[in-house]
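Chains as they are written, first to last, in this note's numbering: chain A, 1 to 346; chain B, 347 to 692; chain C, 693 to 1038.
It is possible that some hints are incorrect.
Said to hold, decoys possible - If you want the ones that stay clear, here's a sample from chain C, every Cβ over 12 angstroms from chain A, calculated:
| hint | residue |
| --- | --- |
| 1 | R759 |
| 2 | E763 |
| 3 | E768 |
| 4 | S772 |
| 5 | S818 |
| 6 | D823 |
| 7 | G896 |
| 8 | E905 |
| 9 | P911 |
| 10 | E912 |
| 11 | T927 |
| 12 | M996 |
| 13 | S1010 |
| 14 | A1020 |
Claimed, not checked - In the DSSO-like style, the derived pairs of lysine-lysine whose C-alpha atoms are separated by at most 30 angstroms in a straight line are:
| hint | chain 1 | residue 1 | chain 2 | residue 2 |
| --- | --- | --- | --- | --- |
| 15 | B | K384 | A | K9 |
| 16 | B | K397 | C | K730 |
| 17 | A | K123 | C | K989 |
| 18 | C | K922 | C | K699 |
Think of the hints as simulated: they come from the structure by calculation, not from any bench.
Ideal Cβ placement from N, Cα and C applies to all residues, glycine included.
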Amino acid sequence: MLATEQKRKLLKGKDLITTADWTKEELDVALELAHEMKAQRFTHPYSECLKLKTFLMFFYNPSVRTRQSFECASNELSGSAMFLEPKAMRLKTATSAGETVEDAARVMSRYGVGIGLRILEDKIASYGEGDDLLREYAQYSDVPIISMAHDKYHPCQGLADMMGMQEHMGDVKGKTCLVYWGHGALARSWCSVQEALLLYPRYGMNIVLAHPEGYDLDPEVVEKSREFCKQTGATFTETNDPVECYKNVDIVYSRNWMSPQAYYGGELHKQEEIEKSLKYPQWICDEDKMKLTRNGKGLFIHPMPVDRGHEVSDEVCSGPRSIIVDVAENRLHAQKSVMALTMGDI
Amino acid sequence: MLATEQKRKLLKGKDLITTADWTKEELDVALELAHEMKAQRFTHPYSECLKLKTFLMFFYNPSVRTRQSFECASNELSGSAMFLEPKAMRLKTATSAGETVEDAARVMSRYGVGIGLRILEDKIASYGEGDDLLREYAQYSDVPIISMAHDKYHPCQGLADMMGMQEHMGDVKGKTCLVYWGHGALARSWCSVQEALLLYPRYGMNIVLAHPEGYDLDPEVVEKSREFCKQTGATFTETNDPVECYKNVDIVYSRNWMSPQAYYGGELHKQEEIEKSLKYPQWICDEDKMKLTRNGKGLFIHPMPVDRGHEVSDEVCSGPRSIIVDVAENRLHAQKSVMALTMGDI
Amino acid sequence: MLATEQKRKLLKGKDLITTADWTKEELDVALELAHEMKAQRFTHPYSECLKLKTFLMFFYNPSVRTRQSFECASNELSGSAMFLEPKAMRLKTATSAGETVEDAARVMSRYGVGIGLRILEDKIASYGEGDDLLREYAQYSDVPIISMAHDKYHPCQGLADMMGMQEHMGDVKGKTCLVYWGHGALARSWCSVQEALLLYPRYGMNIVLAHPEGYDLDPEVVEKSREFCKQTGATFTETNDPVECYKNVDIVYSRNWMSPQAYYGGELHKQEEIEKSLKYPQWICDEDKMKLTRNGKGLFIHPMPVDRGHEVSDEVCSGPRSIIVDVAENRLHAQKSVMALTMGDI
């Protein structure tokens, strides 16, 4: 058995594109350190591990929490984060001359100690392109590539979720999470819910996946989630019923996502998706449904920003069993852990 | 009597939306520390008081001095400032789904040690909305909310003004400031001049407020300024004469501001305001008028950016009795003081 | 003879608008320190020389490498860099009220320890205006003005080039550089190639300048380059032949630039320039031409971003004798050296 310090050092240089790319032991190391860093926020011994170093954050899509949490994470490790937007980069596109990913990545890895990338549904022509882009960066970069949310996955959200569930539920093994399609006016990416499906079962959680017909997620991800469930003895159930699915679950993750028909003709049809989604007003997490959860005391989790009144009622969202603000805070601690492990001098 | 250190610690966690919300003793503490920090810019014992910490700056409106001075202030206390613009935040608006102020503020206060907000005349539908927004943030945030200029007030500008006047005039008690409406092509907010009206009398300065008919400021603010004058034995005079008002004043604050008619139909009519303002070319601070000040040696103060040729002549603005650059520099020191007191480990 | 430390201190406060404004001895000091900082990237004794200090970066034009390399450079000296774009500054323009350069520069130099400026071809109405702007800032600023690339010069690129050539060629005296007009779809500024013409000969390099008829550079710069060549015994040759010029050169610098006809009627005609440029497909650096270089082993240099397929073939650009990524990395080290010398506490 390796000592804690040794296990931590083994993660140096690793990319984090989805938690599914990391072994269970690697995830344990990251989560343990994340909890440790939360407990000792400004006093942890790794607080200087990014001194003089810069983390490059490349946002194809804007964000609130992601930018704030990554930038604060860098600062709290004595490093700096650089906020870059594509308009500030002369990258080659299908229609204009510019720089290739190869050239950009090779140079960026001479300057930064890590590169974060965020690219969501509306900046791509078809599902999967964002993941391809991250893996192309990873191919040419000498420093870790960290997903700050992309079309397929959102690993740091997954880790923050898990921290929050562990804080509020203790050992999550054997607990059940309802991953629930909430209707909404935003037509959201699949990244956060897919990451949940891939990560939670590795810690032994049962999954109930509920959505209207026509709102299937990536079949490969769902298949992988089922496998992870099998490996840990957890159950995986999929249903189209908006109410029954709440029965006896321990926690509800209500989130809107777009349908597999969202892309056609080489572009995202967001407005169509929104209109289609709004036809399912019964798909909302509210107090009545929450009464069906285990002992009527199920928790509520969400990656934020919340589309209140669509995905969830104000009553549940601001209520005493909502753990969303704690989970949002955990983004900071989870990312500090990931950055310290993959980029830091520890 | 509390010792200096104890008085300083009492300000931890306080919001600063206008200096009028602070007691005179609290303002004394802030100004004294600001002068101290200017004298020991890179050597002050509080130079590490924001180490590992992040100040979140939320700019609905762009700025030059405000961003530079707050960001440098954070850096000079060993912290970091994060520059955020609303386009980078998916906040809920009247017409689009997004995040509520409640959700944004709760999470931001988990990441940052303070939140600065700037929202000026053109980002609101009626006077007072900016102030309401800051107070809504303050309601949900666990960390201090600092105004970086909003429609009603500009507290850090007021503190920087006061520092500059103390540097150039010594004790300001009994001195007279002419707060003068300069014509101009910018149709400016009321925040800086209103803050001056509220702060200067608390240090015993007499106010002469001069503007053309139809350019009244917020009557509540003017009333409060009169009260502060009474409390310190200062005088308050209001006039519509563009020249006589210069007689025997010690310092002239010439600044354009828009009329109370600027908002109607739910929006700001900036172009109309500019056209109306340009009909008063005699309302400019120039050498001829400055000769009327006390011994012909009145100082010139302005929060910058200056609209030269409208608000003030080049001759006065770049002349030997203009203290504008010193006041601009003082933004840095005043803000370092406010940040150290309200957010720092001191 | 002054000791190294003394020579270094003499550069404190100096502007860097072009390397041609610095003496050869000053350039030697900067390059020597740059190599030293590369060798001891995070351990150099000057690693804290910008502690608590802020470098203000003013980008009229966006950039990849320039922003990243300057911001990382500041961080690696324990300082901070602030990224500012003109849209965030209410500066006076020909058609709108706003702040003068005098006012902006005076105040900025109260906040920052140095000011970087970047202004390229499309933000000016005629060649030379960018250089005038930098010199106007320098007139009013009390802190160093550093060019981060402008219409005429790009001094930090020149220094990074020289570092790269010294790393790959040893002493460059007597070596020959082909400065070659590559055709392209970007119609680029003259700054990088002109800086090369001015800097390389001071280290004794021969220049071969090759471009189609009608693509002359600034005659004053070319004349100055010839003079520098004379001073060090180097040769200067100008030709319109796209192939013969490769014969026996040691290194090829292929880069597109626009023609002297690019500006007329008070604006840049970029599209016309691109169309005109694309009529010269034979002007590309490819393997066939590279075989003509000395022993067929000439190096390839370029300031990036590269317009692959126009300026240079993929084969050469990604090939074993391309030093472009090393040169890009050197931007970081060269700028750390310049910042430490002109702004740091060393």
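Consistency of the hints with the structure:
Non-interface call for R759 (chain C) relative to chain A: violated, since the shortest CB-CB distance, roughly 7 angstroms, does not exceed 12 angstroms. A cut-off of 12 angstroms between C-beta atoms contradicts the statement that E763 (chain C) is not in contact with chain A; the least separation is 5 angstroms. With a closest Cβ-Cβ approach of about 5 angstroms to chain A, E768 (chain C) is found to fall inside the 12 angstroms limit, against its non-interface label. Non-interface call for S772 (chain C) relative to chain A: violated, since the shortest CB-CB distance, roughly 7 angstroms, does not exceed 12 angstroms.
A cut-off of 12 angstroms between C-beta atoms confirms that S818 (chain C) is not in contact with chain A; the least separation is 23 angstroms. The beta carbon of D823 (chain C) is kept farther than 12 angstroms from every beta carbon of chain A, the shortest such distance being approximately 22 angstroms. Separation of G896 (chain C) from chain A is adequate, the least Cβ-Cβ distance of about 28 angstroms exceeding the 12 angstroms criterion. Interface exclusion of E905 (chain C) from chain A stands, the closest Cβ pair being 24 angstroms apart, more than 12 angstroms.
Listed as a non-interface residue, P911 (chain C) keeps its Cβ farther than 12 angstroms from every Cβ of chain A; the least gap is roughly 29 angstroms. With a cut of 12 angstroms on Cβ distances, E912 (chain C) stays outside the contact zone with chain A, its closest approach being about 29 angstroms. With a closest Cβ-Cβ approach of about 33 angstroms to chain A, T927 (chain C) is found to remain outside the 12 angstroms limit, as its non-interface label requires. Look at M996 (chain C): its CB is around 6 angstroms from the nearest CB on chain A, not clear of 12 angstroms, so calling it non-interface is violated.
A cut-off of 12 angstroms between C-beta atoms contradicts the statement that S1010 (chain C) is not in contact with chain A; the least separation is 7 angstroms. The claim that A1020 (chain C) is not at the interface with chain A is violated, since a C-beta of that chain comes within 12 angstroms of its own (minimum 4 angstroms). The straight-line distance between the Cα atoms of K384 (chain B) and K9 (chain A) is roughly 44 angstroms, outside the 30 angstroms bound, and the hint therefore fails. Taking the CA atoms of K397 (chain B) and K730 (chain C), the gap is about 27 angstroms. The hint holds against a cut of 30 angstroms.
The suggested pairing of K123 (chain A) with K989 (chain C) is violated, with an alpha-carbon distance near 43 angstroms, which exceeds 30 angstroms. Between the alpha carbons of K922 (chain C) and K699 (chain C) the distance comes to roughly 27 angstroms, so the proposed pair stays at or under 30 angstroms and holds.
Taken one by one, the earlier hints fail for this structure at numbers 1, 2, 3, 4, 12, 13, 14, 15 and 17, listed in ascending order.
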